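S.K.: As a plain string of letters, each chain reads:
There are 2 protein chains.
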Amino acid sequence: MIQITSIRISDDIRLYNDLSAMILEAIADSQIEIQNGDILVVTHKIVSKAEGRIVDLACIKPSTKAIRMAKVHDKDPRVMELILKESKQILRAKNGVIISETKHGFVCANAGVDQSNVKGDMAVLLPVAPDESASRIQDSVKKKIGKEIAVIITDTFGRTFRNGQTNVAIGIAGINPIKSYIGTYDMYGRKLRVTEIAVADEIASAAELVMGKAEGTPVAIVRGYIFEKASKTSVKLLLRAKERDLFR
Amino acid sequence: MIQITSIRISDDIRLYNDLSAMILEAIADSQIEIQNGDILVVTHKIVSKAEGRIVDLACIKPSTKAIRMAKVHDKDPRVMELILKESKQILRAKNGVIISETKHGFVCANAGVDQSNVKGDMAVLLPVAPDESASRIQDSVKKKIGKEIAVIITDTFGRTFRNGQTNVAIGIAGINPIKSYIGTYDMYGRKLRVTEIAVADEIASAAELVMGKAEGTPVAIVRGYIFEKASKTSVKLLLRAKERDLFR
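Order-wise, the sequence lines are chains U and E. Just so you know, the first sequence maps onto residues 48 to 295 in our numbering. Just so you know, the second sequence maps onto residues 48 to 295 in our numbering.
Excised from the complex, chain U in its bound form:
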């Protein structure tokens, strides 16, 4: 059985906060004890805030290109400037929707630039190196309470072909994000068609169900899922190479 529990963090997260200490405190406040093998799922927003990846829009001077695109796509030119700066490549821009590939290689709307759940005229950017952010939390939990856990940092992305958004992994530590069935057989001895499951994304989605969007619960603990541990791992394993994608 898998159990998923949300963790409330009441305090606003600020630059230089010790995020993992705050998470551990919040978990203790919830009367929960972290166990070996738990997966800590963390919304990227609090990671970005603790890392200073939050921008006062008043300080952004949009480029001519950003001003032009903002007009066409009905966006704040300063936000448009951030989207351009965070993107490796704009893939589609239509009806106010901008889909780009971020510097990390994620394909998502607005390069992950987000104005919700921040104070005033601010925007949050994705963490610069989300795998490293996840590793830091993992290491810190090991150091502070001696438990071996995995960490998944998430964002909420739209998808092609289907309505609605789902939570996906954007940074990982301690877990192989893919469960491979390559070379394994089904109940009747036939090679399996389904060969690779993106379990890190499924865990991110599962955690979203308890985290919500405005409840102040940016962390979840997923317990009871047996995963393949991986000391050297990366969310890049989840990113399909451009030339292997039939819809890019």
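Since the hints were derived computationally from the structure, they do not count as laboratory data. Take these hints with a grain of salt, some might be off.
Calculated pairs, PhoX-like style, for lysine-lysine (alpha carbon to alpha carbon, straight line, at most 25 Å) [unchecked claim]:
#1 U/Lys238 to E/Lys260
#2 E/Lys238 to U/Lys166
#3 U/Lys238 to E/Lys122
#4 E/Lys118 to U/Lys238
#5 E/Lys112 to E/Lys141
#6 U/Lys150 to U/Lys279
#7 U/Lys112 to U/Lys150
One side only, chain E facing chain U, incomplete, derived with CB under 8 Å [stated by the list, open to error]:
#8 Asp65
#9 Met69
#10 Arg237
#11 Ile250
#12 Leu286
#13 Phe294
None of the values given here were measured: they were computed from a predicted structure. Idealized CB from N, CA, C, for every residue including glycine.
Following the hints, put chain E in place on chain U, whose structure we already have.
M.R.: Relative to chain U, chain E alone:
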């Protein structure tokens, strides 16, 4: 807290089997009591088998087109024939991968035609009307044990941009598959950017974590998730209209 439990079904499912009776028996064997508000997640494969959507390939005579495409894409011409018959439109065909839109409107590989977890030279097709299949299970649970549940029938689909497959909903009953935040506000009183979460797909993904692919556990119970009930609902709410998709 959300709890997800897998249910083992040892018997092979056959045409005219009373699927919901078999599921309820399997749940009882697992010492679990269904509760009001549970979500029953069911792999489509056992639904298809119970509905006779399983084909002996020896009985399929491939068309000239199927034979030609099978050669190019290194497929069994009889399976190719089924893929063509199940598809409304082939969207991409390259390197042995065929992505099509099924008659239901799902965009997936091989129109959902699948040869794993079936005996001998057989192929399983998607249920004809998966929402109705879900409703039948829901109604039957209500009738047999008096409990109000939701049902989600799943398949495992690939995605654009990201490696690995995830479980998604292909049929639903009793639950609004979308959780809408439209018109709601974040912790700081700002309108939320993330407006619609595809919770039915997130639940399908969460359930996959306990179901696996070859363990004989085609059913999971998701308990503790508070969802919006819907008596008239459809998986079609999750299907993005062609003209609203930037990547089709």
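S.K.: Would you mind marking each hint as holding or not holding in the structure?
M.R.: The hints, checked one at a time:
Restraint check: the Cα-Cα separation between U/Lys238 and E/Lys260 comes to about 11 Å, which is no more than 25 Å; the hinted pair holds. About 12 Å separates the Cα atoms of E/Lys238 and U/Lys166, which keeps this hinted pair within 25 Å; it holds. A C-alpha spacing of about 15 Å is found between U/Lys238 and E/Lys122, which places the hinted pair at or below 25 Å, so the restraint holds. This hinted pair checks out: E/Lys118 and U/Lys238 have alpha carbons roughly 21 Å apart, not beyond 25 Å.
A hinted pair counts as satisfied when its Cα atoms are at most 25 Å apart, and E/Lys112 with E/Lys141 qualifies at roughly 16 Å. A C-alpha spacing of about 21 Å is found between U/Lys150 and U/Lys279, which places the hinted pair at or below 25 Å, so the restraint holds. Among the hinted pairs, U/Lys112 with U/Lys150 is consistent with the structure: their alpha-carbon atoms are about 19 Å apart, no more than 25 Å. Because the beta carbon of E/Asp65 sits about 21 Å from the nearest beta carbon in chain U, more than 8 Å, this interface hint is broken.
Interface restraint check for E/Met69: the shortest CB-CB distance to chain U comes to about 16 Å, outside 8 Å, so the restraint is violated. This hint holds: E/Arg237 has a C-beta 6 Å from the nearest C-beta of chain U, less than the 8 Å allowed. A distance limit of 8 Å between C-beta atoms decides the matter here; for E/Ile250 the minimum to chain U is near 7 Å, and the interface restraint holds. For E/Leu286, the interface hint holds, since its Cβ comes within 8 Å of a Cβ in chain U; the closest pair sits about 6 Å apart.
Interface restraint check for E/Phe294: the shortest CB-CB distance to chain U comes to about 4 Å, inside 8 Å, so the restraint holds.
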